[in-house]
Amino acid sequence: EAQVTQNPRYLITVTGKKLTVTCSQNMNHEYMSWYRQDPGLGLRQIYYSMNVEVTDKGDVPEGYKVSRKEKRNFPLILESPSPNQTSLYFCASSLAAGTGTQYFGPGTRLLVL
Amino acid sequence: QKEVEQNSGPLSVPEGAIASLNCTYSDRGSQSFFWYRQYSGKSPELIMSIYSNGDKEDGRFTAQLNKASQYVSLLIRDSQPSDSATYLCAVRGGGGNKLTFGTGTQLKVEL
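Order-wise, the sequence lines are chains A and B.
In this text, residue positions in the first sequence follow my numbering: the first is 1, and each later residue adds one.
In this text, residue positions in the second sequence follow my numbering: the first is 1001, and each later residue adds one.
Hints should not be assumed to be uniformly reliable.
Stated by the list, open to error - Sample of chain A residues facing chain B (criterion: CB under 7 Å; computed from the structure):
{"#": "1", "residue": "Gly42"}
{"#": "2", "residue": "Leu43"}
{"#": "3", "residue": "Phe90"}
{"#": "4", "residue": "Thr101"}
{"#": "5", "residue": "Phe104"}
{"#": "6", "residue": "Pro106"}
{"#": "7", "residue": "Gly107"}
Unchecked claim - Keeping only pairs whose Cα atoms sit at most 27 Å apart, straight-line, the calculated BS3-like set for lysine-lysine is:
{"#": "8", "chain 1": "A", "residue 1": "Lys18", "chain 2": "A", "residue 2": "Lys69"}
{"#": "9", "chain 1": "B", "residue 1": "Lys1098", "chain 2": "B", "residue 2": "Lys1042"}
{"#": "10", "chain 1": "B", "residue 1": "Lys1108", "chain 2": "A", "residue 2": "Lys65"}
{"#": "11", "chain 1": "B", "residue 1": "Lys1067", "chain 2": "A", "residue 2": "Lys65"}
{"#": "12", "chain 1": "B", "residue 1": "Lys1002", "chain 2": "B", "residue 2": "Lys1067"}
{"#": "13", "chain 1": "B", "residue 1": "Lys1098", "chain 2": "B", "residue 2": "Lys1067"}
{"#": "14", "chain 1": "A", "residue 1": "Lys57", "chain 2": "B", "residue 2": "Lys1098"}
{"#": "15", "chain 1": "B", "residue 1": "Lys1042", "chain 2": "B", "residue 2": "Lys1002"}
{"#": "16", "chain 1": "B", "residue 1": "Lys1002", "chain 2": "B", "residue 2": "Lys1098"}
{"#": "17", "chain 1": "B", "residue 1": "Lys1056", "chain 2": "B", "residue 2": "Lys1098"}
{"#": "18", "chain 1": "B", "residue 1": "Lys1002", "chain 2": "A", "residue 2": "Lys57"}
{"#": "19", "chain 1": "B", "residue 1": "Lys1098", "chain 2": "A", "residue 2": "Lys69"}
{"#": "20", "chain 1": "A", "residue 1": "Lys65", "chain 2": "B", "residue 2": "Lys1098"}
{"#": "21", "chain 1": "B", "residue 1": "Lys1056", "chain 2": "B", "residue 2": "Lys1002"}
{"#": "22", "chain 1": "A", "residue 1": "Lys17", "chain 2": "A", "residue 2": "Lys65"}
{"#": "23", "chain 1": "B", "residue 1": "Lys1108", "chain 2": "B", "residue 2": "Lys1002"}
{"#": "24", "chain 1": "B", "residue 1": "Lys1056", "chain 2": "B", "residue 2": "Lys1067"}
{"#": "25", "chain 1": "A", "residue 1": "Lys17", "chain 2": "A", "residue 2": "Lys57"}
{"#": "26", "chain 1": "A", "residue 1": "Lys71", "chain 2": "B", "residue 2": "Lys1002"}
{"#": "27", "chain 1": "A", "residue 1": "Lys18", "chain 2": "A", "residue 2": "Lys57"}
{"#": "28", "chain 1": "A", "residue 1": "Lys18", "chain 2": "A", "residue 2": "Lys71"}
{"#": "29", "chain 1": "B", "residue 1": "Lys1056", "chain 2": "B", "residue 2": "Lys1108"}
{"#": "30", "chain 1": "A", "residue 1": "Lys69", "chain 2": "A", "residue 2": "Lys17"}
{"#": "31", "chain 1": "A", "residue 1": "Lys57", "chain 2": "A", "residue 2": "Lys71"}
{"#": "32", "chain 1": "B", "residue 1": "Lys1067", "chain 2": "A", "residue 2": "Lys71"}
{"#": "33", "chain 1": "A", "residue 1": "Lys57", "chain 2": "B", "residue 2": "Lys1056"}
{"#": "34", "chain 1": "A", "residue 1": "Lys57", "chain 2": "A", "residue 2": "Lys69"}
As the list claims (entries may be wrong) - Per the computed footprint, the stretches of chain A lying under chain B, defined by three or more beta-carbons under 8 Å from a beta-carbon of chain B, are:
{"#": "35", "region": "32–41"}
{"#": "36", "region": "45–58"}
Hints were generated in silico from the structure; no laboratory data involved.
Model, not experiment: these values are computed from the prediction.
A virtual CB, placed ideally from N, CA and C, is assigned to each residue, including glycine.
Given these sequences and hints, build the entire structure.
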């Protein structure tokens, strides 16, 4: 089954404790992206990757890191999480940057205390 | 001014009616326009895409684009309770790499 998977689905952590949210897709997609979704603010892009080893900042990259060492994986790293990073996070992938059909993962709900 | 604007709703329509959802965008160089549907607690899923001025129909859904007015809309005919969801408008800018979402319009279809 073609899909985007994220782990963990739910995470409660404390300020300053480094964490990684994994994202994997099995569709051989070139383009992958991370979004956060907050009430009243909608979906905002954090980082995106055009292909392996190529990443770039989205609208809200501060406090986040990403890496794209393999085509299928695109982990999101919070080196020192803060309460304002409490949010719902989605990973998405598409065949290429110019195509509109983005497939979203199930989401990761993060609470930073 | 927000890059992509939508009325947050909720928009309530009776079952069987036409629901009309609207979206405006600020980047005149935008090339591609999308409507995603998001059920509560779920991830967004693409339901329509449109790239040129005019109408595009797919089943009960019709997307309309007017680049001169920087306006894109989604019509849902014969609305069903299962259409109750938040509808996100997304626009790909002239640069091609970034997809910007609106904050979404909540649609409620009432029996």
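Hint by hint, here is what the structure shows:
no., hint, in the structure
1, Gly42, "holds, 4 Å"
2, Leu43, "holds, 4 Å"
3, Phe90, "holds, 6 Å"
4, Thr101, "holds, 5 Å"
5, Phe104, "holds, 4 Å"
6, Pro106, "holds, 6 Å"
7, Gly107, "holds, 5 Å"
8, Lys18(A) to Lys69(A), "holds, 20 Å"
9, Lys1098(B) to Lys1042(B), "holds, 22 Å"
10, Lys1108(B) to Lys65(A), "violated, 38 Å"
11, Lys1067(B) to Lys65(A), "violated, 36 Å"
12, Lys1002(B) to Lys1067(B), "holds, 17 Å"
13, Lys1098(B) to Lys1067(B), "holds, 18 Å"
14, Lys57(A) to Lys1098(B), "holds, 10 Å"
15, Lys1042(B) to Lys1002(B), "holds, 25 Å"
16, Lys1002(B) to Lys1098(B), "holds, 15 Å"
17, Lys1056(B) to Lys1098(B), "holds, 23 Å"
18, Lys1002(B) to Lys57(A), "holds, 19 Å"
19, Lys1098(B) to Lys69(A), "holds, 21 Å"
20, Lys65(A) to Lys1098(B), "holds, 18 Å"
21, Lys1056(B) to Lys1002(B), "holds, 26 Å"
22, Lys17(A) to Lys65(A), "holds, 14 Å"
23, Lys1108(B) to Lys1002(B), "holds, 25 Å"
24, Lys1056(B) to Lys1067(B), "holds, 14 Å"
25, Lys17(A) to Lys57(A), "holds, 23 Å"
26, Lys71(A) to Lys1002(B), "violated, 33 Å"
27, Lys18(A) to Lys57(A), "holds, 20 Å"
28, Lys18(A) to Lys71(A), "holds, 24 Å"
29, Lys1056(B) to Lys1108(B), "holds, 23 Å"
30, Lys69(A) to Lys17(A), "holds, 24 Å"
31, Lys57(A) to Lys71(A), "holds, 18 Å"
32, Lys1067(B) to Lys71(A), "violated, 35 Å"
33, Lys57(A) to Lys1056(B), "violated, 33 Å"
34, Lys57(A) to Lys69(A), "holds, 17 Å"
35, 32–41, "holds (count 4)"
36, 45–58, "holds (count 5)"
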